[in-house]
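Engineer: Spelled out from the first residue to the last, the chains are:
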Amino acid sequence: MVSFSPSEEQQMIINMVKEFSTDHLRRVYRECDESGIIPADVIDTAWEFGFISTSIPEEFQGLGEARSSLTGALIAEELAWGDLSIAMHILCPSLVAIPLVEMGTDEQKSKYLPGFCGDRFKAATAALIEPRFDFDPAALSTTARLNGGDYVLNGEKCYVPLAADADLLLVYASENDCTQGFLVEKAATGLEIMEREKNMGIKALATYELSLKDCRVPKGNRLGGEDGCDFGRILNYSRVALSAMAVGVARGAFEYARDYAKERSAFGEPIASRQTIAFMLAEMAIEIDATRLMTWEATWKLDRGEDATKEASLLKSYADEMVLTVTDRAVQILGGHGYIRDHPVELWLRNGRGFATFNGMAIV
Amino acid sequence: MIEFELTPEEEATIAAAHKEAEELLRPIARYYDEHEHESPKDFIEQQWAQQRSGGGGMLGLGVGAALRIEETCWGDAGLMLVAPGSGLGGAAILMTGTQEQQQRFLKRYSEGEPKWGGMAMTESGCGSDTSAIQTTAVLDGDEWVLNGEKIFITGGQRAMDESDGLVVVWATVDKTAGRAGMKSFVVEAGTPGARIEKVENKLGIRASDTATLILDNCRIPYENILGSPEVRKVDSGQTAGFKRAMATFDATRPIIAAMALGVGRAALDFIKEALEKEGIQIRYGAPRHKLTAIERDIMDMEAGYKAAHMLMLRAVWMMSQFQANSLEASMAKAKAGLVVTRITQKAVEMMGPLGYSRKYLLEKWMRDGKINDIFEGTGQINMLIVARRVLDYTRDQLK
Ligand SMILES: Cc1cc2nc3c(=O)[nH]c(=O)nc-3n(C[C@H](O)[C@H](O)[C@H](O)COP(=O)(O)OP(=O)(O)OC[C@H]3O[C@@H](n4cnc5c(N)ncnc54)[C@H](O)[C@@H]3O)c2cc1C
Ligand SMILES: Cc1cc2nc3c(=O)[nH]c(=O)nc-3n(C[C@H](O)[C@H](O)[C@H](O)COP(=O)(O)OP(=O)(O)OC[C@H]3O[C@@H](n4cnc5c(N)ncnc54)[C@H](O)[C@@H]3O)c2cc1C
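Each protein sequence line maps, in turn, to chains X and L. Per numbering that gives the first Met the number 0, the first sequence starts with residue 0, numbered consecutively. Per numbering that gives the first Met the number 0, the second sequence starts with residue 0, numbered consecutively.
Quick caveat, the hints were computed from the structure, so don't treat them as lab data. Fair warning: there could be bad hints in the mix.
Unchecked claim - Incomplete in silico selection of chain L near chain X, CB under 8 Å: (1) Ile1; (2) Glu301; (3) Val389; (4) Thr393.
We treat Cβ as the ideally placed atom computed from N, Cα and C, and that holds for glycine.
Please put together the full structure from these sequences, using the hints given.
Structural biologist: As structure tokens, this is what we get:
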């Protein structure tokens, strides 16, 4: 039966994360954007919620609750509403943990999953994006070849969040024209992590380029072992996660612009009393809601184990466009003030622009 | 629990409606587009028989009913509006009438010959600005005397001239009271002083009659007033009664959105089928820079459809849960009206000479779809409602 109301538990989670975002993320995000540093205590506090360990099975020291992309999307929206960079940092370990939980071999799980269940934030990351304008996750330039008992990886990656701190990286590479994941430990030879990237937005999130030159990983580190992984599914997890985050960012921008428009007077009345402004706000509200509902439907489908490639990819391109339009309108509604860094809308526009690029940088 | 699975009953309803749309509506759709004022008698009889055996009317309260209407409009939106039933008039009576009135006025829709119902708000001098209506109602003894001219009444002719139906007429009992003075009245077929004068020729939904109703000292019983007869002025110039009456739109707007989406999906399905015949597959999931322009267009259309569909479903679901849904209903209506207009217009363009030809129904869907951006509040009026709600503004603060 169709229903649009979150379960009691989900509503509790939403409220809790919203409160955390308000108290912590919204307090520091501008400073973080300017300095490029996220205070460790914010990340540690977030870690205590157990966003990652909750769905890791008990035998690997997790809480063993059923994993739900839908619940993950609810969390991602609230965190991204607080701040996108910090949200991506907090959820970054999922990039490895979720594929492991879903597709890892028993050995891979027992070797790596307990690491995500400790008391302190565990930096782990995935490397998917490559530095080229025609990047296609299904046709990667990075290659993996079996050589003796090892896989040999070659290629270049970019936008790898937290790469410098991570001691486990899930590197995606093309193996016989098929994208597969490889668990690469930090010490692996041939893996070089370059300087931190300087991006237009998500400036508080540390991202890196990395290069793989004949980087050798043991055969057993191919995600999923002999069977490999269902990369299409991982990509769908990423599409819904990023869409949920786009909704969060857009919602923040909408709320700010709405409140500003009611406060700001021009020509003797609040600018919100003009249809040009009011209709922009109405459209923003409609598009945000529509994208959220589409996200719910796609994650619901994923949670049922169904293929949601069509839903997730339609959603993702819709969300990319939506968040850009909404954040741009927010800047526009603030006029000249929107352009100034005293207000957050320019930050949200910079972050919003990135969604079309962020393939695989978050998953739920 | 957030949940999108339809019940088996809903699935069955949709499947049956789809079959009916394919087998009954599609084959006669072009004929009644080209023969504008002719009645599809067989279709009407069949629909009436179905209705009397328990099919819902225009005001379906649940998700299943809305999805059924979407399917029917996938078949043909003009014919959907010709299906007998209480229509918008029935919706108004259900939302604002007493139990006794509902019984008295709506009973006829489950017995005897086919009947229709209509709702008359619009006048030649005002459409969007409903507060400016000029039609008057004056109490004379135990009767109301109505005078005025109403235009664009969907199903007006069938309700008043071709059946023992009724039209719910909006009139003012006190011009100085503004919105508070506006009341709705049930005018039944055969009432002296009420006559249909004109039936419009239209761009689309031609099977549906759109009529002018003249009220010339039309006398109706006192009991035919819906809601409270009292005129109470409050600060904002509104009364609770008027608000409740306007709530009719909260119920009908999601349904209009469902109608719009049926037409939009017809166009989408048509074009996808045509592409498939040419061996063109839509590569969902491929990166955007690898897609052809056609694939991008189709995906944008599909995503727009999906977005509007989710908004529609939510508005309908809220209604079925008896939750206030006026914001969500207007969101759905505004988005769906826009989406159907864009999809159908784009589809005609994409199909080139095939799209523009009357050999196919595509050009008709473009003409049919457009009405959804106009009636039951234009796209702009619904945006205005959404904007007021999100800004928490009164109608004075945002005009
Ligand atoms: C980098 C920069 C450099 C600048 N340089 C100069 C300079 O050299 N000299 C100078 O004098 N100024 C300068 N400005 C100021 C700039 O011209 C103003 O910011 C601009 O005119 C908008 O005014 P505002 O910011 O007060 O926005 P507001 O007037 O508050 O407008 C806010 C929003 O409401 C909309 N709006 C306002 N009134 C209406 C209406 N009646 N109908 C519909 N919409 C309406 C606006 O379009 C805008 O979207 C500069 C601004 C920036 C950001
Ligand atoms: C086929 C058909 C069937 C219909 N069926 C019915 C029916 O059954 N019952 C009934 O009562 N009516 C019916 N109508 C009437 C319909 O509801 C009106 O046409 C509609 O509400 C718009 O009113 P209008 O045509 O007078 O346009 P106007 O109100 O004159 O509007 C003209 C334009 O101005 C815009 N506009 C108006 N006010 C504002 C504002 N404040 N801000 C921004 N833009 C504004 C409108 O959006 C529109 O684009 C029907 C119409 C048609 C065509």
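Engineer: It remains to establish, for every hint, whether it holds in the given structure.
Structural biologist: Hint check:
1. Ile1: holds, 5 Å
2. Glu301: holds, 6 Å
3. Val389: This interface hint holds because 5 Å falls under the 8 Å limit.
4. Thr393: The hint is violated - L/Thr393 has no Cβ within 8 Å of chain X, the shortest such distance being about 11 Å.
Hint 4 alone, counting from the list given before, is not met by this structure.
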